[in-house]
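Q: As a plain string of letters, each chain reads:
There are 2 protein chains.
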Amino acid sequence: MGIVVQKYGGSSVADAAGIKRVAQRIVNTKKAGNDVVVVVSAMGDTTDELRDLAEEVSPLPPPRELDMLLTAGERISMALVAMAIAQLGHKAQSFTGSQAGVITTAEHGKAKIIDITPGRIQAAIDEGSIAIVAGFQGVSQDTKDVTTLGRGASDTTAVALAAALGADVCEIYSDVDGVFTADPRIVPTAKKLDSVSYEEMLEMAASGAKILHLRCVEYARRFNMPVHVRSSFSTKEGTWILPTPSENEATMEQAIISGVAHDRSEAKITVVGVPDKVGEAARIFEALADAGVNIDMVVQNISAAATGLTDISFTLPREDGQTAMGALAKVESQIGYEKLLFDDQIGKVSLIGAGMRSYPGVTAKFFASLASAGINIEMISTSEIRISVIVDSADVDNAVQATHTAFGLDADEVEAVVYGGTGR
Amino acid sequence: MGIVVQKYGGSSVADAAGIKRVAQRIVNTKKAGNDVVVVVSAMGDTTDELRDLAEEVSPLPPPRELDMLLTAGERISMALVAMAIAQLGHKAQSFTGSQAGVITTAEHGKAKIIDITPGRIQAAIDEGSIAIVAGFQGVSQDTKDVTTLGRGASDTTAVALAAALGADVCEIYSDVDGVFTADPRIVPTAKKLDSVSYEEMLEMAASGAKILHLRCVEYARRFNMPVHVRSSFSTKEGTWILPTPSENEATMEQAIISGVAHDRSEAKITVVGVPDKVGEAARIFEALADAGVNIDMVVQNISAAATGLTDISFTLPREDGQTAMGALAKVESQIGYEKLLFDDQIGKVSLIGAGMRSYPGVTAKFFASLASAGINIEMISTSEIRISVIVDSADVDNAVQATHTAFGLDADEVEAVVYGGTGR
Chain G
1 MGIVVQKYGG SSVADAAGIK RVAQRIVNTK KAGNDVVVVV SAMGDTTDEL
51 RDLAEEVSPL PPPRELDMLL TAGERISMAL VAMAIAQLGH KAQSFTGSQA
101 GVITTAEHGK AKIIDITPGR IQAAIDEGSI AIVAGFQGVS QDTKDVTTLG
151 RGASDTTAVA LAAALGADVC EIYSDVDGVF TADPRIVPTA KKLDSVSYEE
201 MLEMAASGAK ILHLRCVEYA RRFNMPVHVR SSFSTKEGTW ILPTPSENEA
251 TMEQAIISGV AHDRSEAKIT VVGVPDKVGE AARIFEALAD AGVNIDMVVQ
301 NISAAATGLT DISFTLPRED GQTAMGALAK VESQIGYEKL LFDDQIGKVS
351 LIGAGMRSYP GVTAKFFASL ASAGINIEMI STSEIRISVI VDSADVDNAV
401 QATHTAFGLD ADEVEAVVYG GTGR
Chain Z
1 MGIVVQKYGG SSVADAAGIK RVAQRIVNTK KAGNDVVVVV SAMGDTTDEL
51 RDLAEEVSPL PPPRELDMLL TAGERISMAL VAMAIAQLGH KAQSFTGSQA
101 GVITTAEHGK AKIIDITPGR IQAAIDEGSI AIVAGFQGVS QDTKDVTTLG
151 RGASDTTAVA LAAALGADVC EIYSDVDGVF TADPRIVPTA KKLDSVSYEE
201 MLEMAASGAK ILHLRCVEYA RRFNMPVHVR SSFSTKEGTW ILPTPSENEA
251 TMEQAIISGV AHDRSEAKIT VVGVPDKVGE AARIFEALAD AGVNIDMVVQ
301 NISAAATGLT DISFTLPRED GQTAMGALAK VESQIGYEKL LFDDQIGKVS
351 LIGAGMRSYP GVTAKFFASL ASAGINIEMI STSEIRISVI VDSADVDNAV
401 QATHTAFGLD ADEVEAVVYG GTGR
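Protein chains in written order, with this note's numbering: chain G, 1 to 424; chain Z, 1 to 424.
The hints are simulated quantities; they were obtained by calculation from the structure and are not laboratory data. Among these hints, one or two may not hold up.
Identical copies look the same in the list; a pair holds intra-copy or inter-copy alike.
Claimed, not checked - With a Cα cut of at most 30 Å, we get these calculated DSSO-like pairs of lysine-lysine:
no., residue 1, residue 2
1, Lys-110, Lys-210
2, Lys-365, Lys-210
3, Lys-330, Lys-277
4, Lys-110, Lys-91
5, Lys-144, Lys-277
6, Lys-365, Lys-192
7, Lys-192, Lys-31
8, Lys-144, Lys-30
9, Lys-144, Lys-112
10, Lys-31, Lys-144
11, Lys-91, Lys-191
12, Lys-339, Lys-191
13, Lys-191, Lys-210
14, Lys-31, Lys-110
15, Lys-210, Lys-112
16, Lys-191, Lys-365
17, Lys-192, Lys-30
18, Lys-339, Lys-277
19, Lys-31, Lys-236
20, Lys-191, Lys-112
Quick caveat, the model's predicted, so the values are computed rather than measured.
Let the hints inform the model, and build the full structure from the sequences given.
A: This is the structure:
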């Protein structure tokens, strides 16, 4: 008998009706002969409501206390899910992050999982119970204080717990049917993927696809845990996230491109007229690192021979924009740049596919599709299985649609786009 | 520097404004040179709202899960109080019942405190923090599960914690000014008592005065912990609950009567025509005990010589009425009684005062005052410091007012009612 870990998001347990529906699905999984461990998020908007309450009391609450407050959210949902399962005649016990053995660092609000010691969960399973575990929370190794793992981290709890328990699969339930070739709100013909590799999913998560939390995919990849992303509102198969097929297993059916992701949450800063000397770029990025700013893409132009000056552009989370501009203004005299430009009207469009690494025409086709659509490319960044471009934010939808069509991803065509894998 | 334990009820922390007001009062106590430990209840109606949510999911939720759910209430209020204190520039840390070392039995929903091991609380105090502790909750010694102590038990948490920490005083804050000689809603001239003995407070709590939880007073008495009942909405002194003065300390100022309590939550059952033989009463109360029914007052009439039959009447919590009637109906053939009468239109009025034990006229004066008011007495029960009568529920207000006046408790007169204690 295998262990199935299921994670239900806030929209799946938003009210009593949702909780009963989820309980029925959990019981069905148990009846099918599995041991079931369930990770739940807080109901609907509970976490935001608790944050609002905190703000009424204190504009800058101590992080330890904010974590204590927010963890009430999953406590409520997990107890209700356990009650609903009991009402269906099955044994269920709920566990806080601490009780489930989710040991973390002490960084309140963004703690990292250090270890999972699921002794109580295993004991509950062994006695035939369904274990319901609070997502998003843990207990710090050093201070024994309650911690939270950061927004959306219930997915990470689920995958980490699945790995620690040696589960057969980790199912992530939400209100969408799976991973799509693009955001269906922008590309109505976007198609659900049957499967995608950890590496592709990582690139998608990093490129703005909100379907799974980046750290969750990293965890799944590290522990080789199969993840099944699916809807709690239907029984349809969703998308499997699996190891990359080995060269021998690569088949005719493997598509070049798995999808088009986009991200509107970034801004761009350009440092104009930087002396093109060794160490100048380092100084800029040291100043940003000291200010705690995370950088995404970086581009440095070739310097104009006449002036010996160059421009350095980078993207960063939009909310860090003012911090970064302030940090750079402080080092102006040391670096001696001419000026700073700030642009928050940008968007990132990324083409992702493990197949592209041995298919040379992909980049050219991507840029050609954008050109045909009349879209100007501001920055470019590539990895082995991803190409990202920065465009004007007004062009994002067009760019996603044009690329989706150019690569034959639209629903009726996708089966035809196959790639005869030859390895690389 | 002494330790002050303060307990704030749900009405004191009902919203952000209340929480800020409470935080200011806590900080004032700290600034006055005390170490402060605070016990909080859930905000306003949170506990009832969580119960309603549970009922939507399951009519009979597993007690372990109900406790897990309800404990979210204090988690929210304690974190918010800690935030509000931090906002005022003082260090504060919140602790769940489990973290505070409140070790209990495993009876979910009505767990008893076995021990308090307040190591983390003491450590927080030692480093200059104000400790905020969740009332009403603990962790079971055997199963390590989260438990609740039963409705209103935050008072008990506060007194038990005060005893374990060796506090100077336990202050119980609510929305009333202290303990009154009668319920001011019934007797507008009722007077706040400056002090009352543990024994009198116990009788008052057992007689329906809702100001303090019975178990809380028992705890205070056992550990000789001074309790100060006062309002969080004013800075006036409330009522001190203290040891009974020794005979030598008893002064001219000690009043005979400390107050009149009433209780409308009971019902009366009369078992008519019971054969007056050894063991019949035992059979009746065994049947009730087996059904888990708690009995309050019991009266057995002298049997009529002609028939050899007697009537047995007792009072019990009204909500146990149907259970008790069912249990008695089942043993009808064994006992051979004639019929059962059920009356839920009753009320209990109690006169309480440590002084009455050496003052013989109290009972006579009590009954005379009820007679003058035209009130019929249905049952009588006495202890050394209490006389209780059962009357028609419609007569309760009249009975309380008449008794309050007869014993000179009305506000302008109370100072005149003194008793020259001679011991007994």
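Q: If a hint holds in the structure, say so; if it does not, say that too.
A: Consistency of the hints with the structure:
no.: 1; hint: Lys-110 <-> Lys-210; result: within (18 Å within a copy, 44 Å between copies)
no.: 2; hint: Lys-365 <-> Lys-210; result: within (26 Å within a copy, 78 Å between copies)
no.: 3; hint: Lys-330 <-> Lys-277; result: within (20 Å within a copy, 98 Å between copies)
no.: 4; hint: Lys-110 <-> Lys-91; result: between (33 Å within a copy, 22 Å between copies)
no.: 5; hint: Lys-144 <-> Lys-277; result: neither (49 Å within a copy, 63 Å between copies)
no.: 6; hint: Lys-365 <-> Lys-192; result: within (23 Å within a copy, 86 Å between copies)
no.: 7; hint: Lys-192 <-> Lys-31; result: within (28 Å within a copy, 62 Å between copies)
no.: 8; hint: Lys-144 <-> Lys-30; result: between (33 Å within a copy, 26 Å between copies)
no.: 9; hint: Lys-144 <-> Lys-112; result: both (14 Å within a copy, 25 Å between copies)
no.: 10; hint: Lys-31 <-> Lys-144; result: between (37 Å within a copy, 29 Å between copies)
no.: 11; hint: Lys-91 <-> Lys-191; result: neither (39 Å within a copy, 54 Å between copies)
no.: 12; hint: Lys-339 <-> Lys-191; result: neither (45 Å within a copy, 76 Å between copies)
no.: 13; hint: Lys-191 <-> Lys-210; result: within (16 Å within a copy, 64 Å between copies)
no.: 14; hint: Lys-31 <-> Lys-110; result: neither (37 Å within a copy, 34 Å between copies)
no.: 15; hint: Lys-210 <-> Lys-112; result: within (20 Å within a copy, 47 Å between copies)
no.: 16; hint: Lys-191 <-> Lys-365; result: within (20 Å within a copy, 89 Å between copies)
no.: 17; hint: Lys-192 <-> Lys-30; result: within (27 Å within a copy, 60 Å between copies)
no.: 18; hint: Lys-339 <-> Lys-277; result: within (17 Å within a copy, 106 Å between copies)
no.: 19; hint: Lys-31 <-> Lys-236; result: within (18 Å within a copy, 62 Å between copies)
no.: 20; hint: Lys-191 <-> Lys-112; result: neither (34 Å within a copy, 58 Å between copies)
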